[in-house]
Amino acid sequence: MLDHPAPKGFLSRYVFSLDHKVIGIQYIVGAIVMGLVAAYLALLIRTQLAWSGAIQQPEDYLAIVTMHGTLMVFFVVSPLLSGLGNYLIPLHIGARDMAYPLLNMLSFWIYVLASVIMLASFLMPGGAAAGGWTAYPPLSGSESFLPGSGWGQTLWILGMALFITSFTMGGLNFLTTILNMRTKGMTLFRMPLTVWGFLVATVLALLAFPPLTAAALMLLFDRHGGTSFFMVDAVINDQLIAMGDGTPLLFQHLFWFLGHPEVYVIVLPCICLLFEVLAAFTRRPAFGYRPSIYALLCVGLLSMIVWGHHMFVTGMNPWVGKYFSIATVIITAPFAVIGVNLVASVWRARLRLATPMLFALATISAIGFGGVGGLFLGTMTSDIYFHDTYFVVGHFHLMIGTVTMLSIMAAIYFWFPKMFGKMMSEKLGKLHFWLTAPSMMAVFILMHMQGLGGMVRRTYDTSVYTYNEGANSSLTTPITILAMIAVGAQAIFLWNFFYSAFKGQPSGRNPWEASTLEWEAPSPPPHGNFGDELPIVHRGPYEYSPEGVDQDVLPQAAPDPDVASTDTEIPE
Amino acid sequence: MTETVESPTAPDPKPYQWNNGSGPGGGALLLIAFFLIGTITVIAGFMAGWRPPAASEEGQGIDETITYLLVSTGVIVLVGHAVLCWFLLKGGGTSEYRRPSAKTEWLFGLIPVILMLAISEAGVLIVSGPVWDSLFVEKPVNPVRVEVIGKQFEWIVRYPGKDGIFGKFALKWVHGVDNPAGLDDTDDNALDDVLNGKVLVVPVGRPVVVSLRSHDVIHSFFVPDFRVKQDLLPGYTTEIKFTPTRTGKFEIACAELCGLGHYNMRGEVHVLPQEEYDTWIRSQTGHFGG
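For the record, the sequence lines run as chains A and B.
Just so we're aligned, residue 971 is where the first sequence starts under my numbering, counting upward by one.
Just so we're aligned, residue 180 is where the second sequence starts under my numbering, counting upward by one.
The shape of chain B in the complex, shown without the other chains (with noise of 0.2 Å):
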């Protein structure tokens, strides 16, 4: 800080100047080099599927949303991109200069208002929208019905057994390997439900409704492959609905923050065919043996 205070009257000693013969030379030139390469690069970049290939139905209506989204902005970057450029390439010369008048203005200020509304509210209601429904909203056709409980710092799979049915449940229950799920022992409909460690198992091709909750903090099941994801919320229950389209193992990550084993707190999904999948079911026995 200087301790210096000029009067306001003082001339200023040796002072800076804007060297107007220099103008902006490479400088400018750079800059558009930086712009468009980079603008390029990066669309590209995008454009290269860095997302393993959908496995759900519901995976294939986001992935939709998503190439919609990466299709219409980066057009919009590319060309907001090159009008800079090409202004910065441009130039305006001389001092003469007229100014755009105020009609102008506003129409540059509609334009925009009018292309963004249609671009991103289409996206919403047009392309999202669909999908949106069929997650949270349409009943789901003959779906498979599974529940999934998050604790620090693994997932438990219960299924409702032979009778459909899934069993009375609360956390004052809940007793190391004896009763992980908190399983109600009095209750018929729970003696028959089915535990199954961290792995969930589901048939191709029929919806999945899994109903989500917590045993202490916020997790979040996401299914990177499914494009899948759902807080599970301590004192709620909350759902997730998706219809795997192939078999295979998938991965479940826990996408909330929810301790020091976040990172570790994987699991897996095995999609197997109808046919398998009933037998696996059926030769599970009850976690009380019902």
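Isolated chain A, as found in the complex (with noise of 0.2 Å):
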């Protein structure tokens, strides 16, 4: 049984707890407060793009847009992924917790933390951060350049440690859970497409994370230590500002060397966790269960290689440039196998078109359309004209924006039976997908078309260049609009979320009909998620329509029917 005993009071309970399902929750809670701040603010900073001469200073809209882009990236989609890890991981895998239940909840905790340092940067003198989520030195380095430099930067830098710091905590606990808690019969090629994406993602940043963490502290080092790991002399205003002699690239590598993993870390388990949702709602199994994860195991040792995508421009030995195209675009061969597996698996489906299957559905159309627009900017040539320009930022919001949410709705619409015990309405879940699938996808496809104009990215005021004038800029206001519309339908989901887990019909157990282990628990499960017994499993994890047998779904743990074995492994 559990190390530790059931939670008494209220404060054990809900606040400091170290049940991973109350921890889960309280991350994804978490990370939709922060998505709301950053949804705010990027309406704020479609605003000024549509109607530029509002309120806004310059200073005010590079602080936006570098502020929103740290949050979504590192403090809501990650988190939202810390949130449904630590929910599904253990309930997936048979275990009663996570492995070391205390580190989780200071995970948690540190991550609270981090966003409250990540908010205050706001309140600095001179503001918030301004040099870009990606905070390139010697920008970021020095507020001689750039107001926000100044000790917004700082928070901004701690506020990332901090972080890290907790995400880190939270992938060692992934890791060692799914490695050693695995119940009985609980394989590795039995596991859920959804552990595994978790499983690879987790790998994958806590490689990558370490060389961000010392290029933040170079970094600070560099602004208040008088170190010269990024920054050079410079002349501000007819003066010359010795800086040292460091190398802005550097930064640039080591950044990247975390950035590109990163999105991987974001994308696959949102991705996998399709496979899930599909099997579900077509009563078949995920197609290409094994080439899927071999598939996986590539893309993921791919992306630790190709950080160099993002630096073709920046005058890199052409050669090494060449390497890095070479590279990124092999890719697309792994994901491609994917995609069509995701595609595949809805092959003589027997529908079910409920609110998950609706996002599941759209998330692989949104993947199609990201994928792709990957090859433009991974192909080198073709970059040196879209790079910094929108179609970058359509395609990585299409990615790890529209992707991740599109699928994490899936997500939450398919286990919230789970947390809670009741159903979402499915009315305003319809609603829900109705209005935010369309806008996003069409909000950051028709950025690619702006960028395909040349238009660049992060400029306060695009008039001041006339080939924006015409196409460029007949699409600014529609854009905005479109946005409005998806960040006003979260409220529907915010009311359905939230009077849900209160008033919502009540679930029972396995409300879909599904075959993983989370659904023999009890709904919401108790402390101990299993009761006295551990389940244990029998077969892979997606037996819908099994042969020769007079049932709809073979459960895991769900013991030999007397017809012969409908084992699915794969003779080696």
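These are calculated hints, taken from the structure and not from any lab test.
One thing to keep in mind: the hints can contain errors.
To be verified - Here are the simulated DMTMM-like cross-link-like pairs (lysine to aspartate or glutamate), alpha carbons at most 25 Å apart as the crow flies:
no.: 1; chain 1: B; residue 1: K377; chain 2: B; residue 2: E430
no.: 2; chain 1: B; residue 1: K351; chain 2: A; residue 2: D1203
no.: 3; chain 1: B; residue 1: K428; chain 2: A; residue 2: D1520
no.: 4; chain 1: A; residue 1: K1154; chain 2: A; residue 2: E1483
no.: 5; chain 1: B; residue 1: K377; chain 2: B; residue 2: E333
no.: 6; chain 1: B; residue 1: K282; chain 2: A; residue 2: E1517
no.: 7; chain 1: B; residue 1: K377; chain 2: A; residue 2: D1431
no.: 8; chain 1: B; residue 1: K377; chain 2: B; residue 2: E455
no.: 9; chain 1: A; residue 1: K1473; chain 2: A; residue 2: E1396
no.: 10; chain 1: B; residue 1: K377; chain 2: A; residue 2: D1520
no.: 11; chain 1: B; residue 1: K269; chain 2: A; residue 2: E1517
no.: 12; chain 1: B; residue 1: K269; chain 2: A; residue 2: E1483
no.: 13; chain 1: B; residue 1: K347; chain 2: A; residue 2: D1520
no.: 14; chain 1: B; residue 1: K377; chain 2: A; residue 2: D1203
no.: 15; chain 1: B; residue 1: K351; chain 2: A; residue 2: D1502
no.: 16; chain 1: B; residue 1: K377; chain 2: B; residue 2: D457
no.: 17; chain 1: B; residue 1: K318; chain 2: B; residue 2: D457
no.: 18; chain 1: B; residue 1: K351; chain 2: B; residue 2: D364
no.: 19; chain 1: B; residue 1: K351; chain 2: A; residue 2: E1113
no.: 20; chain 1: B; residue 1: K377; chain 2: A; residue 2: E1503
no.: 21; chain 1: B; residue 1: K347; chain 2: B; residue 2: D367
no.: 22; chain 1: B; residue 1: K377; chain 2: B; residue 2: E447
no.: 23; chain 1: B; residue 1: K347; chain 2: A; residue 2: D1208
no.: 24; chain 1: B; residue 1: K351; chain 2: A; residue 2: D1208
no.: 25; chain 1: B; residue 1: K428; chain 2: A; residue 2: E1439
no.: 26; chain 1: A; residue 1: K1154; chain 2: A; residue 2: E1503
no.: 27; chain 1: B; residue 1: K347; chain 2: A; residue 2: D1431
no.: 28; chain 1: A; residue 1: K978; chain 2: A; residue 2: D1502
no.: 29; chain 1: B; residue 1: K318; chain 2: B; residue 2: E333
no.: 30; chain 1: B; residue 1: K269; chain 2: A; residue 2: D1520
no.: 31; chain 1: B; residue 1: K428; chain 2: B; residue 2: E418
no.: 32; chain 1: B; residue 1: K269; chain 2: A; residue 2: D1522
no.: 33; chain 1: B; residue 1: K377; chain 2: B; residue 2: E418
Hey, can you piece these two chains together into the complex? The hints should help.
Spelled out as structure tokens, the structure:
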């Protein structure tokens, strides 16, 4: 049984809880709060672009852009996945809790502390950090270049360092739990693909984050300790300011050594959990379970060695650039396997088009558009043109904004009954879907078109350039209006989430008639998850429509039926 | 969060049940319409020529890559969506179902791998490679050499002057309008160097090699009509090459966030016929009168 006893008081149950389920929900709620801030910032950006001459000054605009990006990547999407992973991993693999419950609790509260420090950046003299979410020095290294590069940037660095600490704690927990705490019969190749997604993502995160920590600390020393890792002598207002003889490119290498795998850290679990949703709502096994896993491992491996495609125009050696381009576009191959398997999972479906399924199908479409957009940026010469334009903005928002958000929505609607024992309203869910998915995809695909027109990102006022007149500018206001619809529609989700958590229709143990272990536990699962006996796993995760058995689904924990074995294990 | 913790054996109260009678219904058709209309609109939109027409040889090469990718990925996206919609429309009906064999699953893994490797690596090596080489590897023939300096928030253009040699410079000599480029006024080669505000004047039809350096932070020299972009790194000198194919005025944008005035760091390239360029450059006097 569990090391830690069932909580007694309110504090130990809901606030400083050691229970992975509570911590998971805490993460999700925390990320929703930060998401509201970041979405508000997004609307401020779009307002400035569509109706410039509004109240913002350039310093406000750049701070808003920077904080929007930082919050969304590190304080919204990442913790949403920490939340889902925390909630799902032990339930999926038949464990009673995470491997290190105390570390788990600390990880969440350090995330809260990091969020507070990051938001406090807005209160500093000079305003919040404004050098972009990438924080390239020298711009981010001295307030003589940019007001936001004063204390605002220092708090940004501290907030990031704390976030990385929290994420590393969570990652260690995920990895140890997945490798060591699987229940009897849960071999690696019987794990649900969601768990595989988290496993690969966690390994990537643990390998990739330390260089960013190093870069952040070096930047901190450059700013406050008189070092010059990244800083170079500069002339400001005719004054030569001695800053040293550093290498600005070093920061970019360190940043993207993390930055590129980080994209996969947040995208891979989102893509993998789609298989799970698809299987439950098509009543068919996920197509190509093993090929998908090998493709996943290839994507993970390749993602670590292609960071230089963010730097084609920095003046790198052209042969290095060529290597990075050749290696980058190889990723499309394993990714295409996953894409084909997602589509093929819908083959001969007995379709149940509930809200989670709608979100999952739209995510496949977003992966398609986002994925091919990557080819334009990974191919070295077209990237010369597209680098730092709205094409890039549209592309990464499609992948780590739209794909992640739509997929996480699918996950929340799917596992909400397990979390709260209640159903979310289907009517509101569908309304939420139809307002969110088309508008979100339209926003970012239209940004690709502005990028095709050469419009440069991070610009306070795009009308300075005459080449933006006409096609480029004509899209700006429609994008803003669509973005408002996409953000506004989340009010429906919030109402549905919090109202249903208390007043929703009781869900029962397994409302979607799904096959994996978490549905064996009561909804919501009690302390220790599974009662006295842990479930024993008899087969792979997606035994829907099993052959030769007169049953719709064979759950992982159900004993073998009388008929011949239905194990899907592929003969070696 | 609900307080009720069910005992594992208690029956669920009024549990939710999937209504098997309702089927996918109109939702599937709506989704199919969304996917198909959306995809076709997007592809048509991308094909509609959003770019300003390329005005450099290298730009035409880059455009070929973009066109290649638009066509090949357009087909992939369209086919993918069509198949997905077909699956959604057709459905599977009964619970009678034969699983795809492991062989089928691996085959469906192999096909996309081969297809995507062919499409993407052909794009990089065959379509994109020669343009990349002409930009960064091959030595340009009879080029015009200029220097563009980036500072918050303007461009300074320097020509080597009559001697054809750029003089020495250092940041410590930078001083207002007297010496905006930080030239060494004791260096004979620097005396005749020509400075020209924010306007880069070049002849048509000849390769132009631009050396780039920055006085403060990272900037990025971007001429959308030429399709070329190159970062300016403080402490380093970088280079970009382009060969204008038609005369006219084109805009220089700063593409890398460089501070509050980033959005306003506009410059111009004026492409002149060779004779006009020759006349213009001869009429220029050195910044130090040399």
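Checked hints:
Straight-line distance between C-alpha atoms of K377 of chain B and E430 of chain B comes to about 10 Å, which keeps the hinted pair within the 25 Å bound. Note on K351 of chain B and D1203 of chain A: the hinted pairing holds, with a Cα-Cα distance of about 9 Å set against a maximum of 25 Å. For the hint pairing K428 of chain B with D1520 of chain A, the CA-to-CA distance comes to about 75 Å; that exceeds 25 Å, so the pair is violated. Among the hinted pairs, K1154 of chain A with E1483 of chain A is consistent with the structure: their alpha-carbon atoms are about 23 Å apart, no more than 25 Å.
For the suggested pair K377 of chain B and E333 of chain B, the alpha carbons sit about 7 Å apart, so the restraint of at most 25 Å is met. Taking the CA atoms of K282 of chain B and E1517 of chain A, the gap is about 17 Å. The hint holds against a cut of 25 Å. With a C-alpha separation of about 20 Å, the suggested pairing of K377 of chain B with D1431 of chain A holds against the 25 Å cut-off. Restraint check for K377 of chain B and E455 of chain B: the C-alpha separation of about 19 Å stays at or below 25 Å, so the hint holds.
A C-alpha spacing of about 14 Å is found between K1473 of chain A and E1396 of chain A, which places the hinted pair at or below 25 Å, so the restraint holds. Between the alpha carbons of K377 of chain B and D1520 of chain A the distance comes to roughly 78 Å, so the proposed pair goes past 25 Å and is violated. The hinted pair formed by K269 of chain B and E1517 of chain A meets the criterion: a straight-line CA distance of about 21 Å does not exceed 25 Å. This hinted pair checks out: K269 of chain B and E1483 of chain A have alpha carbons roughly 23 Å apart, not beyond 25 Å.
The straight-line distance between the Cα atoms of K347 of chain B and D1520 of chain A is roughly 86 Å, outside the 25 Å bound, and the hint therefore fails. As the CA atoms of K377 of chain B and D1203 of chain A are separated by approximately 23 Å, the hinted pair is consistent with the 25 Å bound. A threshold of 25 Å between alpha carbons decides the hint, and for K351 of chain B with D1502 of chain A the separation of about 77 Å lies outside it, so the pair is violated. For the hint pairing K377 of chain B with D457 of chain B, the CA-to-CA distance comes to about 19 Å; that is within 25 Å, so the pair holds.
For a cut-off of 25 Å, the pair hint linking K318 of chain B to D457 of chain B stands: about 23 Å separates their Cα positions. Our distance criterion of 25 Å between C-alpha atoms is met by K351 of chain B and D364 of chain B, whose separation comes to about 12 Å. Restraint check for K351 of chain B and E1113 of chain A: satisfied, since their Cα atoms lie roughly 21 Å apart, inside the 25 Å limit. Using a Cα cut-off of 25 Å, the hinted pair K377 of chain B and E1503 of chain A is violated, with the two alpha carbons roughly 76 Å apart.
The suggested pairing of K347 of chain B with D367 of chain B holds, with an alpha-carbon distance near 9 Å, which does not exceed 25 Å. Using a Cα cut-off of 25 Å, the hinted pair K377 of chain B and E447 of chain B holds, with the two alpha carbons roughly 6 Å apart. Under the criterion of a C-alpha separation no larger than 25 Å, the hint pairing K347 of chain B with D1208 of chain A is consistent with the structure, at around 18 Å. Annotation: proposed proximity of K351 of chain B to D1208 of chain A holds, straight-line Cα distance about 9 Å (limit 25 Å).
Pair hint K428 of chain B plus E1439 of chain A holds up; C-alpha atoms about 15 Å apart against a cutoff of 25 Å. For the suggested pair K1154 of chain A and E1503 of chain A, the alpha carbons sit about 11 Å apart, so the restraint of at most 25 Å is met. Restraint check for K347 of chain B and D1431 of chain A: not satisfied, since their Cα atoms lie roughly 37 Å apart, outside the 25 Å limit. For the hint pairing K978 of chain A with D1502 of chain A, the CA-to-CA distance comes to about 20 Å; that is within 25 Å, so the pair holds.
For the hint linking K318 of chain B to E333 of chain B, the alpha-carbon distance of about 29 Å lies beyond 25 Å, and the restraint is violated. Distance hint between K269 of chain B and D1520 of chain A is fulfilled; the C-alpha atoms sit about 23 Å from each other, no more than 25 Å. Distance check on the hinted pair: K428 of chain B and E418 of chain B sit about 21 Å apart at the alpha-carbon level, within 25 Å; holds. Taken as a hint, the K269 of chain B and D1522 of chain A pair is honoured in the structure, with Cα atoms around 20 Å apart against an allowance of 25 Å.
For the proposed pair K377 of chain B and E418 of chain B, the alpha carbon gap of about 18 Å is at most 25 Å, so the pair holds.
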